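These protein sequence lines map, in sequence, to chains A and B. Sequential numbering of the first sequence, starting at 0, is according to numbering that gives the first Met the number 0. Sequential numbering of the second sequence, starting at 0, is according to numbering that gives the first Met the number 0.
No lab work stands behind these hints: they were computed from the structure. Accuracy of the hints is not assured; some may be wrong.
To be verified - In silico DSBU-like cross-links for lysine-lysine, where the CA-CA straight-line distance does not exceed 30 Å:
id, chain 1, residue 1, chain 2, residue 2
1, A, K46, B, K323
2, A, K112, B, K90
3, A, K42, A, K2
4, A, K46, B, K90
5, B, K422, A, K2
6, B, K1, A, K223
7, B, K499, A, K227
8, A, K118, B, K6
9, B, K323, A, K6
10, A, K42, B, K306
11, B, K31, A, K118
12, A, K46, A, K2
13, B, K503, A, K19
14, B, K491, B, K480
15, A, K6, B, K31
16, A, K42, B, K6
17, B, K90, A, K229
18, B, K90, B, K280
19, A, K118, B, K503
20, B, K89, A, K42
21, A, K227, B, K485
22, B, K485, A, K112
23, A, K46, B, K450
24, A, K46, B, K280
25, B, K503, A, K42
26, B, K480, A, K19
27, B, K89, A, K217
28, B, K323, A, K42
29, B, K306, B, K89
30, A, K19, B, K89
31, A, K2, B, K323
32, B, K154, A, K167
33, A, K42, B, K1
34, B, K154, A, K118
35, A, K2, B, K280
Nothing here was measured: the structure is a model prediction, and the numbers come from that model.
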Amino acid sequence: MTKRILKFNIYRYDPDVDRKPYMQDIEVEVDATDRKLLDALVKLKAKDDSIAFRRSCREGVCGSDGMNINGTNGLACLADLSTFPDGKTIVLRPLPGLPVIRDLIVDMTQFFKQYHSIKPYLINNDPLPERERLQSPEEREELNGLYECILCACCSTACPTFWWNPDKFVGPAGLLAAYRFIADTRDQATNERLDNLEDPYRLFRCHTIMNCVEVCPKGLNPTKAIGKIKDMMVRRII
Amino acid sequence: MKVTVRKFDAVIVGAGGAGLRAAIQLSEAGLKTAVLSKVFPTRSHTVAAQGGVAASLGNSEEDHWHWHMYDTVKGSDWLGDQDAIEFMCKKANEVVIELEHYGMPFDRLDNGRIYQRPFGGHMSNFGEKPVRRSCAAADRTGHAMLHAMYQRNVKANTQFFVEWLALDLIRDAEGDVLGVTAMEMETGDLYAFHAKATIFATGGAGRIYYSSTNAFINTGDGAGMAARAGIPLEDMEFWQFHPTGVAGAGVLITEGVRGEGGILRNSAGERFMERYAPNAKDLASRDVVSRAMVTEINEGRGCGPNKDFVLLDITHLPPETIMKRLPGIHEIALQFAGVDALREPIPVVPTCHYQMGGIPTNFKGQVVVPGKRSQNEIVPGFYAAGECACASVHGANRLGTNSLLDLLVFGKSAGESAVDEMKQSPKPHKELPADAFDRTLERLHRLNTQKDGASVHETQLDMQRTMQKHAGVFRFADLLKQGVQKIIEVQKDVERTEIKDKSKVFNTARVEALELDNLIEVAVATMVSAEARKESRGAHVRDDAPDTPERPDGRDDVNWLKHSLWFKDANRLEYKSVTLRPLTVETIALKKRAY
């Protein structure tokens with residue numbers, strides 16, 4: 000790929016100056032060294048320094064640059080420029096359902112509040128052993144597909160239930176984290192964790208729409224984790 | 000501009016590995032602590048560490064902290080302080096076990112213990128043969144670690160100030176540190192955090208180079224703030240170029256790939272490391288491997304149409320091993336090199352990765368500067384840990400997996416030192432001086448009123464290209480000399496950067512301009528210190544200090560076995576001696592480094 004002009008249509012809102020949000024058309028030239036959408040955004044910002052977005056690691060592991068790209072949530076640093084058809088405008092919006100602070104930057108308070116609500120830390124009240132707690136490779140494997148979450152919020156903000164009840168429904172990211180601790184043989188708070196989710200909204204508002212699975216940039220499956228928690232709830236009653 | 004003052008017992012700047020580890024110490028001691036971070040804690044760059052954390056647990060084979068200490072001293076090319084190195088290697092098991100207790104999902108051996116893999120420069124029995132010392136969670140060790148420590152802080156109710164950018168260090172007339180000024184990014188409002196203890200854990204500044212494995216946020220904020228407040232920076236000429244950054248993209252490919260059996264090959268398909276390091280081969284120390292790669296490329300044995308990279312080959316490894324131990328690498332190779340690593344080798348080049356130097360500290364995490372009584376006088380109220388600090392355990396070259404260990408051990412010890420100081424000799428807050436906010440207000444005023452200034456983006460690129468060309472893997476006396484002039488020219492542009500956007504709410508243009516103020520201090524410190532050091536040692540290898548019988552590898556212990564201290568004031572350099580005496584064991588005697 001040599002030089003190429005990319006057309007963008009970007010959601011803009013700066014509460015200091017804009018009475019309401021608007022969509023801005025802007026173009027930028029990229030070259031062969033620009034591989035990802037984030038590279039193009041960095042060039043856009045050099046052109047217009049008022050465009051605001053979050054970014055850090057640029058390799059899909061810090062979770063900063065989640066945004067809505069042509070209608071689908073994803074990370075700008077993993078969206079390959081070669082996948083955008085020539086001449087077609089790329090539409091960028093902030094992650095849906097959360098309040099916008101400015102441009103592509105959303106207020107993630109509600110998202111993290113839900114994450115914190117599931118007690119995202121290991122609970123084990125035994126006296127600390129001198130060495131590591133033992134765990135077999137098979138037991139450890141249970142955590143694969145769970146611990147890799149980067150808290151980018153692509154999943155929760157793609158979830159209609161989370162849009163409607165961000166204050167009551169934990170959301171896919173938080174529930175994935177809840178199951179990460181339930182599945183950990185070192186954790187002793189399974190019952191407490193299930194109690195914490197025993198509520199018409201917190202867990203059971205998941206209607207297995209599976210948007211979360213589709214958008215997760217790490218290829219994780221929150222719906223499966225949610226299903227396992229629901230199973231445990233049912234088995235607990237029987 | 001109004002500055003609101005908030006009082007805390009302690010303020011920690013940075014919420015990566017070192018900051019979070021220090022925060023656990025302070026929060027669990029019940030002190031009123033503020034942790035400032037310009038990104039949500041789990042976005043800090045520790046998250047990108049891959050291969051593991053070193054500890055001589057001996058889970059797979061016999062190991063000993065003393066062997067680890069030997070390797071670290073040798074890796075540092077004897078520039079590391081042996082008291083700090085002994086302290087770190089001895090503490091390794093304790094801090095890694097603590098992490099496991101916090102819930103870190105380490106990989107496991109069949110007997111249930113933590114999985115360990117070999118890593119470059121880590122050997123058994125004082126340099127004999129590679130040893131499995133790196134404790135790993137697949138190739139996502141940093142991510143697993145950072146999340147586990149954030150989670151532990153959630154449990155401990157640590158008070159975070161997320162997306163707050165620290166701006167300047169506050170010192171009084173006696174030189175005591177009394178906190179920092181900071182900007183809340185969401186509102187653009189200014190605050191001062193008035194504290195009895197200020198702990199810097201701001202990470203490195205790898206973004207001074209054009210090609211870097213580092214995140215955008217690695218802008219040396221702590222080093223910049225310290226330098227502006229008159230604190231020297233130590234050993235800034237030593238930068239680690241990681242052998243395996245993805246060619247073109249710069250994204251890191253862990254050394255764990257070679258730990259699991261990966262091999263570097265040139266255009267002839269030759270495993271060239273056999274020639275450069277007959278014993279350790281691909282697992283020699285990073286500086287050695289990076290130089291070998293650049294030599295291969297310079298001598299025309301590079302790969303690709305421009306012969307400008309070499310290949311990292313894992314196609315001979317069982318696919319199960321790759322998918323189990325290196326799943327993230329498989330993903331990165333697909334995403335950033337467009338290759339399926341199961342079938343094709345990955346194009347790689349040495350890429351700027353780690354800042355060995357930094358804010359000078361002792362092994363307790365206390366910041367020390369030369370004074371009337373000693374070359375290491377404690378700066379009251381000031382601590383630093385992790386990549387922003389120089390304890391110095393890495394000396395002229397860091398071993399892989401020692402960075403995660405560094406941030407755990409010194410994050411903890413900085414936290415402990417701050418707690419001890421406050422509990423043993425409780426004192427009220429010292430009064431803020433009248434000029435406490437002046438530097439910050441001047442910087443912001445300048446930026447808000449600059450006319451016909453320089454572009455932040457272009458100036459940063461100028462700096463990065465200058466560093467890349469003049470202070471790279473191999474260094475040349477004439478290029479370094481020109482480099483000093485050039486980087487001082489760039490500094491003049493940094494002093495007149497202009498932002499078009501003057502708004503208050505989440506103004507990332509302003510943030511980037513303020514970050515560049517920090518980067519440039521690190522860049523100038525690096526170039527000036529590198530130009531002055533007329534020897535080759537570790538990662539600093541000069542053309543005019545070649546390998547000779549009198550000075551093997553160009554190392555000059557008679558004149559240069561000393562730490563550089565760069566002061567912002569007139570780019571002044573001072574030197575201080577290396578601590579060769581460990582805490583309890585015998586000195587590891589100077590000798591030629593060979594792998």
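Structure-based check of all given hints:
1. Restraint check for K46 of chain A and K323 of chain B: not satisfied, since their Cα atoms lie roughly 43 Å apart, outside the 30 Å limit.
2. A hinted pair counts as satisfied when its Cα atoms are at most 30 Å apart, and K112 of chain A with K90 of chain B does not qualify at roughly 35 Å.
3. Of the pairs offered as hints, the one joining K42 of chain A and K2 of chain A holds, with about 13 Å between alpha carbons and a cut-off of 30 Å not exceeded.
4. Using a Cα cut-off of 30 Å, the hinted pair K46 of chain A and K90 of chain B is violated, with the two alpha carbons roughly 49 Å apart.
5. Taken as a hint, the K422 of chain B and K2 of chain A pair is broken in the structure, with Cα atoms around 62 Å apart against an allowance of 30 Å.
6. Pair hint K1 of chain B plus K223 of chain A does not hold up; C-alpha atoms about 51 Å apart against a cutoff of 30 Å.
7. Distance hint between K499 of chain B and K227 of chain A is unfulfilled; the C-alpha atoms sit about 52 Å from each other, more than 30 Å.
8. For the hint pairing K118 of chain A with K6 of chain B, the CA-to-CA distance comes to about 29 Å; that is within 30 Å, so the pair holds.
9. Distance hint between K323 of chain B and K6 of chain A is unfulfilled; the C-alpha atoms sit about 40 Å from each other, more than 30 Å.
10. Between K42 of chain A and K306 of chain B the alpha-carbon distance is near 28 Å, which keeps this suggested pair within the 30 Å criterion.
11. Our distance criterion of 30 Å between C-alpha atoms is met by K31 of chain B and K118 of chain A, whose separation comes to about 22 Å.
12. Taken as a hint, the K46 of chain A and K2 of chain A pair is honoured in the structure, with Cα atoms around 17 Å apart against an allowance of 30 Å.
13. For a cut-off of 30 Å, the pair hint linking K503 of chain B to K19 of chain A stands: about 17 Å separates their Cα positions.
14. Among the hinted pairs, K491 of chain B with K480 of chain B is consistent with the structure: their alpha-carbon atoms are about 18 Å apart, no more than 30 Å.
15. About 50 Å separates the Cα atoms of K6 of chain A and K31 of chain B, which puts this hinted pair outside 30 Å; it is violated.
16. For the given pair, K42 of chain A sits about 40 Å from K6 of chain B by alpha-carbon distance, which is inconsistent with the 30 Å threshold.
17. At roughly 43 Å between alpha-carbon atoms, K90 of chain B and K229 of chain A are farther apart than 30 Å, so this suggested pair is violated.
18. As the CA atoms of K90 of chain B and K280 of chain B are separated by approximately 29 Å, the hinted pair is consistent with the 30 Å bound.
19. Between the alpha carbons of K118 of chain A and K503 of chain B the distance comes to roughly 35 Å, so the proposed pair goes past 30 Å and is violated.
20. For the hint linking K89 of chain B to K42 of chain A, the alpha-carbon distance of about 47 Å lies beyond 30 Å, and the restraint is violated.
21. For a cut-off of 30 Å, the pair hint linking K227 of chain A to K485 of chain B is broken: about 61 Å separates their Cα positions.
22. Proposed proximity of K485 of chain B and K112 of chain A is contradicted: the alpha carbons are some 49 Å apart, above 30 Å.
23. Between K46 of chain A and K450 of chain B the alpha-carbon distance is near 17 Å, which keeps this suggested pair within the 30 Å criterion.
24. In summary, the hint linking K46 of chain A to K280 of chain B is not supported, as the alpha carbons are separated by about 47 Å, beyond the 30 Å threshold.
25. Annotation: proposed proximity of K503 of chain B to K42 of chain A holds, straight-line Cα distance about 22 Å (limit 30 Å).
26. Pair hint K480 of chain B plus K19 of chain A does not hold up; C-alpha atoms about 54 Å apart against a cutoff of 30 Å.
27. Distance restraint check for K89 of chain B and K217 of chain A: the Cα-Cα separation of roughly 36 Å exceeds the 30 Å cut-off, and the hinted pair is therefore not satisfied.
28. The hinted pair formed by K323 of chain B and K42 of chain A fails the criterion: a straight-line CA distance of about 37 Å is larger than 30 Å.
29. Between K306 of chain B and K89 of chain B, the direct Cα distance comes to roughly 44 Å. Violation of the 30 Å bound is thereby established for this hinted pair.
30. A distance of roughly 59 Å separates the Cα atoms of K19 of chain A and K89 of chain B; the hinted pair therefore is violated under the 30 Å criterion.
31. Distance hint between K2 of chain A and K323 of chain B is unfulfilled; the C-alpha atoms sit about 39 Å from each other, more than 30 Å.
32. With a CA separation close to 22 Å, the supplied pair K154 of chain B and K167 of chain A stays within the 30 Å bound.
33. Distance check on the hinted pair: K42 of chain A and K1 of chain B sit about 34 Å apart at the alpha-carbon level, beyond 30 Å; violated.
34. Pair hint K154 of chain B plus K118 of chain A holds up; C-alpha atoms about 8 Å apart against a cutoff of 30 Å.
35. The suggested pairing of K2 of chain A with K280 of chain B is violated, with an alpha-carbon distance near 41 Å, which exceeds 30 Å.
Hint violations for this structure: numbers 1, 2, 4, 5, 6, 7, 9, 15, 16, 17, 19, 20, 21, 22, 24, 26, 27, 28, 29, 30, 31, 33 and 35, all remaining hints satisfied.
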